[in-house]
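Asker: Spelled out, the chains give:
Protein chains: 2
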Amino acid sequence: MKKKYRHVAAVHSKPRTSCLSHDSEVSPSFLGFRNLMVIVLVVGNLRLMIENFKKYGVLICIRCHDYRRQDLILGAALYFIIPCHLFLAYVVELVAAQQARASLRAGKKRDGTATPGGSYIASDEERQKFQSTWITIAWIHGINVSLCLLITSMVVYFFIHHPLIGTLAEVHAVIVWLKTASYAFTNRDLRHAYLHPSSREEDALPEIYNECPYPNNITLGNLTYFWWAPTLVYQPVYPRTTRIRWVFVVKRMAEVFGLNAFMWIASAQYAAPVLRNSLDKMASLDLPSILERLMKLSTISLVIWLAGFFALFQSFLNALAEVMKFGDREFYTDWWNSPSVGVYWRTWNKPVYQFMKRHVFSPLIGRGWSSGAASIAVFVFSGVLHEILVGIPTHNIIGVAFIGMVAQLPLIAMTAPLEKMDGINGRIIGNCIFWISFTLIGQPLAALLYFFAWQAKYGTVSKQTVTA
Amino acid sequence: MKKKYRHVAAVHSKPRTSCLSHDSEVSPSFLGFRNLMVIVLVVGNLRLMIENFKKYGVLICIRCHDYRRQDLILGAALYFIIPCHLFLAYVVELVAAQQARASLRAGKKRDGTATPGGSYIASDEERQKFQSTWITIAWIHGINVSLCLLITSMVVYFFIHHPLIGTLAEVHAVIVWLKTASYAFTNRDLRHAYLHPSSREEDALPEIYNECPYPNNITLGNLTYFWWAPTLVYQPVYPRTTRIRWVFVVKRMAEVFGLNAFMWIASAQYAAPVLRNSLDKMASLDLPSILERLMKLSTISLVIWLAGFFALFQSFLNALAEVMKFGDREFYTDWWNSPSVGVYWRTWNKPVYQFMKRHVFSPLIGRGWSSGAASIAVFVFSGVLHEILVGIPTHNIIGVAFIGMVAQLPLIAMTAPLEKMDGINGRIIGNCIFWISFTLIGQPLAALLYFFAWQAKYGTVSKQTVTA
Numbered sequence: 001m002k003k004k005y006r007h008v009a010a011v012h013s014k015p016r017t018s019c020l021s022h023d024s025e026v027s028p029s030f031l032g033f034r035n036l037m038v039i040v041l042v043v044g045n046l047r048l049m050i051e052n053f054k055k056y057g058v059l060i061c062i063r064c065h066d067y068r069r070q071d072l073i074l075g076a077a078l079y080f081i082i083p084c085h086l087f088l089a090y091v092v093e094l095v096a097a098q099q100a101r102a103s104l105r106a107g108k109k110r111d112g113t114a115t116p117g118g119s120y121i122a123s124d125e126e127r128q129k130f131q132s133t134w135i136t137i138a139w140i141h142g143i144n145v146s147l148c149l150l151i152t153s154m155v156v157y158f159f160i161h162h163p164l165i166g167t168l169a170e171v172h173a174v175i176v177w178l179k180t181a182s183y184a185f186t187n188r189d190l191r192h193a194y195l196h197p198s199s200r201e202e203d204a205l206p207e208i209y210n211e212c213p214y215p216n217n218i219t220l221g222n223l224t225y226f227w228w229a230p231t232l233v234y235q236p237v238y239p240r241t242t243r244i245r246w247v248f249v250v251k252r253m254a255e256v257f258g259l260n261a262f263m264w265i266a267s268a269q270y271a272a273p274v275l276r277n278s279l280d281k282m283a284s285l286d287l288p289s290i291l292e293r294l295m296k297l298s299t300i301s302l303v304i305w306l307a308g309f310f311a312l313f314q315s316f317l318n319a320l321a322e323v324m325k326f327g328d329r330e331f332y333t334d335w336w337n338s339p340s341v342g343v344y345w346r347t348w349n350k351p352v353y354q355f356m357k358r359h360v361f362s363p364l365i366g367r368g369w370s371s372g373a374a375s376i377a378v379f380v381f382s383g384v385l386h387e388i389l390v391g392i393p394t395h396n397i398i399g400v401a402f403i404g405m406v407a408q409l410p411l412i413a414m415t416a417p418l419e420k421m422d423g424i425n426g427r428i429i430g431n432c433i434f435w436i437s438f439t440l441i442g443q444p445l446a447a448l449l450y451f452f453a454w455q456a457k458y459g460t461v462s463k464q465t466v467t468a
Numbered sequence: 001m002k003k004k005y006r007h008v009a010a011v012h013s014k015p016r017t018s019c020l021s022h023d024s025e026v027s028p029s030f031l032g033f034r035n036l037m038v039i040v041l042v043v044g045n046l047r048l049m050i051e052n053f054k055k056y057g058v059l060i061c062i063r064c065h066d067y068r069r070q071d072l073i074l075g076a077a078l079y080f081i082i083p084c085h086l087f088l089a090y091v092v093e094l095v096a097a098q099q100a101r102a103s104l105r106a107g108k109k110r111d112g113t114a115t116p117g118g119s120y121i122a123s124d125e126e127r128q129k130f131q132s133t134w135i136t137i138a139w140i141h142g143i144n145v146s147l148c149l150l151i152t153s154m155v156v157y158f159f160i161h162h163p164l165i166g167t168l169a170e171v172h173a174v175i176v177w178l179k180t181a182s183y184a185f186t187n188r189d190l191r192h193a194y195l196h197p198s199s200r201e202e203d204a205l206p207e208i209y210n211e212c213p214y215p216n217n218i219t220l221g222n223l224t225y226f227w228w229a230p231t232l233v234y235q236p237v238y239p240r241t242t243r244i245r246w247v248f249v250v251k252r253m254a255e256v257f258g259l260n261a262f263m264w265i266a267s268a269q270y271a272a273p274v275l276r277n278s279l280d281k282m283a284s285l286d287l288p289s290i291l292e293r294l295m296k297l298s299t300i301s302l303v304i305w306l307a308g309f310f311a312l313f314q315s316f317l318n319a320l321a322e323v324m325k326f327g328d329r330e331f332y333t334d335w336w337n338s339p340s341v342g343v344y345w346r347t348w349n350k351p352v353y354q355f356m357k358r359h360v361f362s363p364l365i366g367r368g369w370s371s372g373a374a375s376i377a378v379f380v381f382s383g384v385l386h387e388i389l390v391g392i393p394t395h396n397i398i399g400v401a402f403i404g405m406v407a408q409l410p411l412i413a414m415t416a417p418l419e420k421m422d423g424i425n426g427r428i429i430g431n432c433i434f435w436i437s438f439t440l441i442g443q444p445l446a447a448l449l450y451f452f453a454w455q456a457k458y459g460t461v462s463k464q465t466v467t468a
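Residue numbers (full-length UniProt numbering), protein chains in the order written: chain A, 1 to 468; chain B, 1 to 468.
Heads up, some of the hints might be wrong.
[Said to hold, decoys possible] Taking lysine-lysine pairs in the DSS-like style, the calculated list, with each CA pair at most 27 Å apart, reads: (1) A:Lys108 to A:Lys129; (2) B:Lys108 to A:Lys4; (3) B:Lys281 to B:Lys457; (4) B:Lys54 to B:Lys281; (5) A:Lys55 to B:Lys108; (6) B:Lys357 to B:Lys325; (7) B:Lys14 to A:Lys357; (8) A:Lys14 to B:Lys251; (9) A:Lys55 to B:Lys357; (10) A:Lys281 to B:Lys55; (11) A:Lys55 to B:Lys54; (12) B:Lys14 to A:Lys325; (13) B:Lys281 to A:Lys54; (14) A:Lys4 to A:Lys14; (15) A:Lys4 to B:Lys251; (16) B:Lys325 to A:Lys14; (17) A:Lys54 to B:Lys54; (18) B:Lys357 to A:Lys3; (19) A:Lys251 to B:Lys14; (20) A:Lys54 to B:Lys55; (21) B:Lys129 to A:Lys3; (22) A:Lys129 to B:Lys4; (23) B:Lys4 to A:Lys108; (24) B:Lys420 to B:Lys357; (25) B:Lys420 to A:Lys4; (26) A:Lys457 to A:Lys357; (27) A:Lys14 to B:Lys281; (28) B:Lys4 to A:Lys357; (29) B:Lys3 to A:Lys129; (30) B:Lys3 to A:Lys357; (31) A:Lys281 to B:Lys54; (32) A:Lys55 to A:Lys281; (33) A:Lys281 to A:Lys54.
[Said to hold, decoys possible] If you want a taste of the chain A side facing chain B, the calculated C-beta under 7 Å gives, among others: (34) Tyr5; (35) Asp71; (36) Tyr450.
No wet-lab data here; the hints were simulated from the structure. Built from N, CA and C at the ideal position, the CB exists for glycine as well.
Just chain A, same shape as in the assembly (with noise of 0.2 Å):
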């Protein structure tokens, strides 16, 4: 059925809102809008790309990087010997393993009575003899493994130049050291338990240990599996997958490629031109400048950290953990939607948490130190080993990793109370604080600052003269 007239239909025919006003009772959505910042940014930085481009040609070199042949072999050397001390701990804990079995059969035959259950009531003169021993192992176990670390850092200090080199070589021995304290002391306390049982029932053990009970563990084999194990906490037992799934190894391990190879692309190309041309701003402290430069490396230092987070965290641990057949795959948490800095701390780096929260944290709350108290420990521990691993192998132990961990105190203060505010704009706030304090500036000035210091003392790394 066809209308007459057409020119008079009534467009207005009732009072509507603007939906951007206050006066709407339905806010609409802004999917849109989240579309657009997706395409900007995009934009954005395509156009940087084409920029850099046109101004610096293609910088990616691999026949320019100045690897000298003695950081070569001082690294391979290094890479050997750095395990051999996670052996000699395993020989310290034979040694101690032995003896406590001696001993636990020494003390029964003595005494002829055991309690039901086979336990047996430990004297005073016992508990003594056991403390120190345990100071004579600690003390086997500190020198050996801070000598690997000491060794390490004096080589890669002194004799190793490029400072990527320097730095897989200084992750490696600190991995180590930090393996072997969690071997000697979740071993101390096996022992302990295995030579004073307890019927308290909050000093059991954990239940997954009963498979492998003190001092059965104490064998290679099982040293082996920690020693690859994608952790740093070491258990008697750890929860096990039943195969290795050889299709997701590779797919894991051709993401470590690519994102490498991205990360690299993305150093040379736009992160080296950015600090190169920030050099003189620093020298003369052009703060405006400084602060440009700072924003401008400030994305491609995220990208750049962003890529490694995931080709570490996810795609390399992930790969790892397959081979090793190792159940627990919790690397990280959704760390990127932290409400403070304090939850981001506890999320992105799962190993190193949960490491400082059972070897230092928790035992310092169980010496009766304050929540507070342990956390700066944790911090101040953290903040040496951070500067150990950016400091040494830079040749420039400036202090700025320290620094920039034991701030992180404040902060975790400032921000612990807006995870606990009602409604989502704290936590917002919050995650803003995060990222911007983190991502923003935290490691772009780091980073700014230690290839200053490098450039000040050594000059480029690379034979390249880039003009800007």
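Add chain B to chain A, keeping to what the hints say.
Answerer: For chain B alone, kept in the frame of chain A given last:
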């Protein structure tokens, strides 16, 4: 109760997956990355602002602008002349209404019979007479209003140099043109319904018009209301509010003022240098460089466009509606979520959309046109209007605005299937196509081409000289 053994806790007690793995059952929230995107956008653009300031200094200058005396006088004259044509249209309708009244009286007298309810059946002769009268009226209206547009366009094209003053005069003339057309068409149908009432239900006039039946609506007051009302569609009666909230008006006008200042600063400080720097690239047809310029321009033109949209459609039209007690404030709906280009054109500018639908699209459908053909007619008509609005004030009728509008037709056809796609993906793809096509490519490219044509013809509009 204190735990005895703090180094033995089973950190890895059960199999778990990494939350970014495909193995993971629930995918984590990515809200934190949305916050990061906002931060990166803000930081990236703050950086570009610092860069811009260091490169150009302050480019904003009130006295530098080249407003000729002649431009101002002619602009002011046009401002008062243009609405006169609306009142000429009123005189025409007044005469037509009186004639209709007389004809109805004469018809009733001659017939002596009237159908129940006072309605009256017209003869074929009378219908023909109505049609011929309408053709006369339509010609007078057409000549009157097109003369208005023609005079304005001639004055702007030949005598008003400054593009801003020219654009304002031209927009004013086009609005009056559209309002007069709506006034004439609506009153034609109302008059027909008055002279030849029909009992068919679908021919009934909207209920809201009963308050003021034809020819009571042909008064100077009624026309004056339509002249200022924020709509292009004439109705004898509009939904009205009961009172003016002056605080609301002041807030909206403050927004208009603030946003206009923002747009002016953004254009002078950010858009103008980019446009200037792209002139030699345009001249030499250096495609990668034009693309880079287009990308740089796209962000700032997008921001200016969004500010302009909000200033006009939210702030200004709401303020005007409040002052006019105009009830229907739906000047736009959530076009930013458009899943296709078609939805965008139907939602971003409701006044023009409503005019086109009521006075172009719907009547053509009534004449038996297909919906596709009617759409083509709408976009061709709209293209002509756009070319008049852009080409005449810039003194360059190069057809880009016309082509830009007509090019929407294939885009609409292409993205229409995405509207109906199941799931969210089709809508997101359609939304991205809309954003890219319109705000990232369409707008900046058109701006670049008209700016290039302008500069080729006149050189710079500003007395400042800027070196890149």
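Asker: With reference to the structure, classify each hint as holding or not holding.
Answerer: Hints, one by one, checked against the model:
Between Lys108 (chain A) and Lys129 (chain A) the alpha-carbon distance is near 16 Å, which keeps this suggested pair within the 27 Å criterion. Restraint check: the Cα-Cα separation between Lys108 (chain B) and Lys4 (chain A) comes to about 23 Å, which is no more than 27 Å; the hinted pair holds. Taking the CA atoms of Lys281 (chain B) and Lys457 (chain B), the gap is about 17 Å. The hint holds against a cut of 27 Å. Among the hinted pairs, Lys54 (chain B) with Lys281 (chain B) is consistent with the structure: their alpha-carbon atoms are about 23 Å apart, no more than 27 Å.
As the CA atoms of Lys55 (chain A) and Lys108 (chain B) are separated by approximately 86 Å, the hinted pair breaks the 27 Å bound. The suggested pairing of Lys357 (chain B) with Lys325 (chain B) holds, with an alpha-carbon distance near 25 Å, which does not exceed 27 Å. Taking the CA atoms of Lys14 (chain B) and Lys357 (chain A), the gap is about 18 Å. The hint holds against a cut of 27 Å. Between Lys14 (chain A) and Lys251 (chain B) the CA atoms are separated by roughly 24 Å; this keeps the pair inside 27 Å, and the hint holds.
Proposed proximity of Lys55 (chain A) and Lys357 (chain B) is contradicted: the alpha carbons are some 51 Å apart, above 27 Å. Simply put, Lys281 (chain A) and Lys55 (chain B) have alpha-carbon atoms about 16 Å apart, close enough for the 27 Å limit, and the pair holds. Between Lys55 (chain A) and Lys54 (chain B) the CA atoms are separated by roughly 18 Å; this keeps the pair inside 27 Å, and the hint holds. Annotation: proposed proximity of Lys14 (chain B) to Lys325 (chain A) holds, straight-line Cα distance about 13 Å (limit 27 Å).
Distance check on the hinted pair: Lys281 (chain B) and Lys54 (chain A) sit about 14 Å apart at the alpha-carbon level, within 27 Å; holds. With a CA separation close to 23 Å, the supplied pair Lys4 (chain A) and Lys14 (chain A) stays within the 27 Å bound. Between Lys4 (chain A) and Lys251 (chain B), the direct Cα distance comes to roughly 44 Å. Violation of the 27 Å bound is thereby established for this hinted pair. At roughly 13 Å between alpha-carbon atoms, Lys325 (chain B) and Lys14 (chain A) fall within 27 Å of each other, so this suggested pair holds.
Taken as a hint, the Lys54 (chain A) and Lys54 (chain B) pair is honoured in the structure, with Cα atoms around 21 Å apart against an allowance of 27 Å. Restraint check for Lys357 (chain B) and Lys3 (chain A): satisfied, since their Cα atoms lie roughly 15 Å apart, inside the 27 Å limit. For a cut-off of 27 Å, the pair hint linking Lys251 (chain A) to Lys14 (chain B) stands: about 24 Å separates their Cα positions. About 18 Å separates the Cα atoms of Lys54 (chain A) and Lys55 (chain B), which keeps this hinted pair within 27 Å; it holds.
Restraint check for Lys129 (chain B) and Lys3 (chain A): satisfied, since their Cα atoms lie roughly 22 Å apart, inside the 27 Å limit. Pair hint Lys129 (chain A) plus Lys4 (chain B) holds up; C-alpha atoms about 18 Å apart against a cutoff of 27 Å. Annotation: proposed proximity of Lys4 (chain B) to Lys108 (chain A) holds, straight-line Cα distance about 23 Å (limit 27 Å). In summary, the hint linking Lys420 (chain B) to Lys357 (chain B) is supported, as the alpha carbons are separated by about 22 Å, within the 27 Å threshold.
The straight-line distance between the Cα atoms of Lys420 (chain B) and Lys4 (chain A) is roughly 32 Å, outside the 27 Å bound, and the hint therefore fails. Taken as a hint, the Lys457 (chain A) and Lys357 (chain A) pair is broken in the structure, with Cα atoms around 38 Å apart against an allowance of 27 Å. Pair hint Lys14 (chain A) plus Lys281 (chain B) does not hold up; C-alpha atoms about 52 Å apart against a cutoff of 27 Å. A threshold of 27 Å between alpha carbons decides the hint, and for Lys4 (chain B) with Lys357 (chain A) the separation of about 16 Å falls inside it, so the pair holds.
Restraint check for Lys3 (chain B) and Lys129 (chain A): satisfied, since their Cα atoms lie roughly 22 Å apart, inside the 27 Å limit. Distance check on the hinted pair: Lys3 (chain B) and Lys357 (chain A) sit about 15 Å apart at the alpha-carbon level, within 27 Å; holds. Pair hint Lys281 (chain A) plus Lys54 (chain B) holds up; C-alpha atoms about 14 Å apart against a cutoff of 27 Å. Taken as a hint, the Lys55 (chain A) and Lys281 (chain A) pair is honoured in the structure, with Cα atoms around 19 Å apart against an allowance of 27 Å.
At most 27 Å may separate the alpha-carbon atoms for a hinted pair to count; Lys281 (chain A) and Lys54 (chain A) meet this at roughly 23 Å. A cut of 7 Å between beta carbons decides the hint on Tyr5 (chain A): the least distance to chain B is about 4 Å, and the hint holds. Interface restraint check for Asp71 (chain A): the shortest CB-CB distance to chain B comes to about 34 Å, outside 7 Å, so the restraint is violated. The interface hint given for Tyr450 (chain A) is violated, since its Cβ lies 22 Å from the closest Cβ of chain B, which is over the 7 Å cut-off.
In this structure, the earlier hints numbered 5, 9, 15, 25, 26, 27, 35 and 36 are contradicted, and the remaining ones agree with it.
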